[in-house]
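Enquirer: Dock chains B and C against chain A, hints included.
Chains as they are written, first to last, in the numbering used here: chain A, 1 to 317; chain B, 318 to 612; chain C, 613 to 1071.
Quick caveat, the hints were computed from the structure, so don't treat them as lab data.
The structure displayed is predicted, hence computed values, not measured ones.
Think of the CB as a built atom: it goes at the ideal place given N, C-alpha and C, for glycine as much as any other residue.
Among these hints, one or two may not hold up.
To be verified - The calculated lysine-lysine pairs, modelled on DSS-like cross-linking and capped at a C-alpha distance of 27 Å, are:
{"id": "1", "chain 1": "C", "residue 1": "K965", "chain 2": "C", "residue 2": "K740"}
{"id": "2", "chain 1": "C", "residue 1": "K847", "chain 2": "C", "residue 2": "K1057"}
{"id": "3", "chain 1": "B", "residue 1": "K403", "chain 2": "A", "residue 2": "K126"}
{"id": "4", "chain 1": "B", "residue 1": "K403", "chain 2": "C", "residue 2": "K665"}
{"id": "5", "chain 1": "C", "residue 1": "K1057", "chain 2": "A", "residue 2": "K95"}
{"id": "6", "chain 1": "B", "residue 1": "K403", "chain 2": "C", "residue 2": "K688"}
{"id": "7", "chain 1": "A", "residue 1": "K126", "chain 2": "B", "residue 2": "K599"}
{"id": "8", "chain 1": "B", "residue 1": "K403", "chain 2": "B", "residue 2": "K339"}
{"id": "9", "chain 1": "C", "residue 1": "K974", "chain 2": "C", "residue 2": "K942"}
{"id": "10", "chain 1": "C", "residue 1": "K769", "chain 2": "C", "residue 2": "K1057"}
{"id": "11", "chain 1": "A", "residue 1": "K126", "chain 2": "B", "residue 2": "K546"}
{"id": "12", "chain 1": "B", "residue 1": "K403", "chain 2": "C", "residue 2": "K669"}
Stated by the list, open to error - Selected chain A positions facing chain B (in silico; Cβ < 7 Å):
{"id": "13", "residue": "G44"}
{"id": "14", "residue": "A142"}
{"id": "15", "residue": "F146"}
Residue-level listing of the chains:
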Amino acid sequence: MALTTAPGTGRQPGSRQSLPDRRSRARLGRRVRDNVTGHAFLIGAMLCFALFAWYPMIRGVVMSFQRTRRGETTWVGWDNYVRIVNDPSFWTAWKNTVYFTLLALVLGYVVPFAVAIVLNEFRHAKGYLRVLVYLPVMLPPASALFLFKFYVYDPSDAGLFNAIFRALHLPTSEWMQSSTMTMPAMVIASTWMNMGGAVLIYLAALQNIPGELYEAAELDGAGIWRRIVNVTIPQTRLILTLMAMLQIVATMQLFIEPLILANGAGTQDAATSVAYLIYQHGFFQNDLNGAAALGVIMLVALGGFSAVYARLAARQD
Amino acid sequence: MAQDSGGRTLISPAQLRRGRSKVVYWILLFAVVAGFTLVFLGPLYWMVTGALKSGQEIAQTPPTLVPNDPRPQNYADAWTNLNLAKLLFNTFYYATGALLFQLVLDTAAAYALSKLRPVLGNLILGLMLATLMIPAMVLIVPQYVTVIDLPILHLNLLDSPFAIWLPAVANAFNIFLLKRFFDAIPEDLMAAATIDGAGPLRTLWSIVLPISRPILGVVSIFAVTAVWKDFLWPKLVMPSPETRTVSVGIYAFSAGTPMNVVVAAAVIAAVPTIVFFLIFQKNIMSGLTSGSLKG
Amino acid sequence: MSLPHYRRAAVVALAASLGLSLAACSTKSDDGSTDAKGKVTITVDCMPVGSQKDLVKNWNDDVAEFQRQNPTITIKSVSVGEQCNNPPDFTARLAGGTVTDLFYGYMTDLQQVLDSGQAMDVTEYANKNTIPTWDSIDPALKDVFTDNGKLYAIPTKNYSMGLLYNKALFQQAGLDVNNPPKTWADVRAAAKKISALGNGIAGYADYSAGNTGGWHFTAELYAQGGQMVTADGKKADFNNAMGKQVLQNLKDMRYGDNSMGQRQLLGWGDLLTLAGAGKVGMFVGAPDATTAIVTQFQGKYQDWAMAPMPGQDAPAKGTLGGGEGYFFKKGLTKEQVEAGLKWLAYEKLTPGKGQFDYARAKPQNQPVGLPQPTMFAVGSDAQKQELELRKANANVPVENFTAFEASPAPIKGEPRNAQAIYAVLDAAMSGVLTNPNANVDALLKTAESKVNQLLASNG
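Chain A extracted, bound-state conformation:
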């Protein structure tokens, strides 16, 4: 850090003067100018954050205590919250969303990591396999979901899954029309669409594990499973922690899957998610204020979760 004063000497001959107060004033001036420059670089992104992230957050809270009718906005206290929580779909939506998130963790978190570990061992066909896994990520989500809706989850035996199950003499399902299969079906579609990104990120992390660690573990007599537990997982912990966090935040926003696959709420609300409920209140029931209140509830719930998660993750390190 000794260098930090050096640049000044090069460009500002004046500061060479011996007068101490003059020098400090010049330094102050430079500090101000450096700060101005720094903020100038920041300002663009900052304005965007301010307009589209920070301000809406405050606005959301404010809106949740207001009601707008015929162009007039009034304060209504907790009315919106009471209405939202008393909506019979409220708890269903939370139950569904948490269920989806858990299923997605089992499938969408463990599977990509396992796939990455396996892919990392192959010495052949690596490029091909990676391209395959990532291919669905490049599909527009609506494309992929219409494929699932019309051709894969067709409730008759004309659907891809049922045709396969029938051929294997396994029981078939009505998929999106069955309230018990709705969620698993959505998780499968969503994992198929999205896992490619996670696999590649894990692959990158795996490739940075020093080979000596495995060698040392092997010398200690550790089998493959022990090597995964003792070397692979600890070495990728940071990325695993981060990805779990991101995945949970992403899956809690479950929206397009119910919208397209289940035509919205699905059979008997089996597909209703919190995000879909926000959309329904805001844009079907013409209740933007209620939707904002539900958004705030979601924010508080996820904020609480994140705080606990961060603390747990920190304790583990």
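Expert: Using the frame of chain A, we list chains B and C on its own:
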């Protein structure tokens, strides 16, 4: 890229060369290649051929593997009826703009936070990163209300590409990636540039950016895929048919269009990105796997 | 270049990139109203979409002809999708203020449009001068769009529901085409025979998604003699024997007889797609469903006929009626409103023109001779004229709809907050159609509490 150069992974190369392991390896490799092909290409094949079938044939049980009587007309109908050219162009336009805005503004911000470190920089970074914890859905309503009537400026951004471009800049993850990468650039390199009399902008342009190509590639991919995959936001802020993205457009028309035509449209919508991906897959893959996140 | 320059350049560049970009967005809300030469431009939505080639051509021809007759008026057409009023998109457009100058809405939308503050009172402009047939228009239709004595929209279409049935499938199943089902028991028996044809054909099909399930629940409840909400509009009124009967009928057909096919969770287009493909024997709908089957879903109008709404053991006690109209966006000039009214008069409310141009529709193989819309009061000049033109050009055998016309059930309008209520009832409909063990009582109870809550909050 360690193992590309023969580096050691979970299972040692020596072990793999041994007789039985070698057999297991090849069996496993074959199984995985076959399985992945089925799982990831199978549905795509089903989609492309299914859209060629007639309404009657698609409802047939058991389904046919190859269309009996292919009807390319479904694709032609999808192209003209849904005005797919326009939808694809819109999506491409939004993605490009979002990419440029992010490259310029987010890189500048990450550079400032990493190297220029102005006062309150850490606080700002903290506030930015805090948004990572907030699902977009939570903000959808207030964001939407904001876009309809921007504070102070009182502009209505509905149907304007800026409604997609500017919110895309507020991407804490990309700023975080860029900042982490910039943090790893040695101070002496920067200092040397400063001694040469280069200001921050020139240092950024001629020193930082050239060595940051891998991370810029990653950020670009993220920026483009984010716009390409987003659905609800463009659905809300681009309500007119002329401004819709391809996903939203197909969805909007799905309710009143025969199923096979919808899927044909879905296939056409997927073609540009798939082709783009197959052409640039080497760069995309190496960008994603080598440049970015180091555990 | 010296250093400070660089810095200043950076600041300017960053600030400019943002400032410019924001400035650039503001240039879009231009298209004006009346310019110096007295020219008027209005935007109109719900232009037919690309797949309806004939309808698009007709619309464009009409616009051209109208502009020729009214050189001072320019019509800008906007198409908003296959469904002109898809509730969430409609809400978004209202909230965002991006509705067109003249915008399409359902008869049930009045309250929502008023709440959004986007509607303009057009009472003083709507008269014989702007709409020549104004006095012939059924006053009941004008009432629907009137609030506190003020008129906010011009009705352009109306319908009531009945039972549509596929004559070809009836014949194949050995049913009498000229003696369609009159009660739900008849429907059930016929559905059983039709579904016995196999091949994935559903004897009877019904909606359960995208608000259409609730819409049909309402129609079928009216047929039982019920109502969705109490007269004061404060409480749900469907959790009773009549409501249960509606769901029980469906449940019996779906799981008792297995005559409703396997595909459920159908939305508007899903059912019509199946119907167009000849996979549906009967469904509840309005006459114009046949138009959609023909123009959008590759079906044939020759196949379809219509009977009155079935009742439980006698003819239906009522049927759902509804319709659509065009609202005017707040803030239009007098000239724009008048231009808009003239356009609506031309396109929607003149016998022999626009939607009533039967001579043009006939060769395009659109169904002509459907008994609806009935925009004009019975006995009025416009009504007689329209009826004559319709008869002269009819390509649909009149007898296909005589049963429907001969014994019309009393028409009941949709409830207030219809779309929100329909969304709730979707769950009840999907329940009986997808769950063999669905409990009808429980489904209705849940729906009732949701609707009560909704009514309380929308007060």
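Enquirer: Does each hint hold? Answer for all of them.
Expert: These are the hints, each one checked on the structure:
For the proposed pair C:K965 and C:K740, the alpha carbon gap of about 17 Å is at most 27 Å, so the pair holds. For the suggested pair C:K847 and C:K1057, the alpha carbons sit about 13 Å apart, so the restraint of at most 27 Å is met. Note on B:K403 and A:K126: the hinted pairing is violated, with a Cα-Cα distance of about 37 Å set against a maximum of 27 Å. For a cut-off of 27 Å, the pair hint linking B:K403 to C:K665 stands: about 18 Å separates their Cα positions.
Between the alpha carbons of C:K1057 and A:K95 the distance comes to roughly 20 Å, so the proposed pair stays at or under 27 Å and holds. About 19 Å separates the Cα atoms of B:K403 and C:K688, which keeps this hinted pair within 27 Å; it holds. A hinted pair counts as satisfied when its Cα atoms are at most 27 Å apart, and A:K126 with B:K599 qualifies at roughly 12 Å. Our distance criterion of 27 Å between C-alpha atoms is broken by B:K403 and B:K339, whose separation comes to about 53 Å.
Of the pairs offered as hints, the one joining C:K974 and C:K942 is violated, with about 38 Å between alpha carbons and a cut-off of 27 Å exceeded. About 35 Å separates the Cα atoms of C:K769 and C:K1057, which puts this hinted pair outside 27 Å; it is violated. A distance of roughly 26 Å separates the Cα atoms of A:K126 and B:K546; the hinted pair therefore holds under the 27 Å criterion. The suggested pairing of B:K403 with C:K669 holds, with an alpha-carbon distance near 20 Å, which does not exceed 27 Å.
Using the Cβ-Cβ criterion of 7 Å, the hint placing A:G44 at the interface with chain B is satisfied: the shortest such distance is roughly 4 Å. For A:A142, the interface hint holds, since its Cβ comes within 7 Å of a Cβ in chain B; the closest pair sits about 4 Å apart. Taken as an interface hint, A:F146 checks out: its beta carbon lies about 5 Å from the nearest beta carbon of chain B, inside 7 Å.
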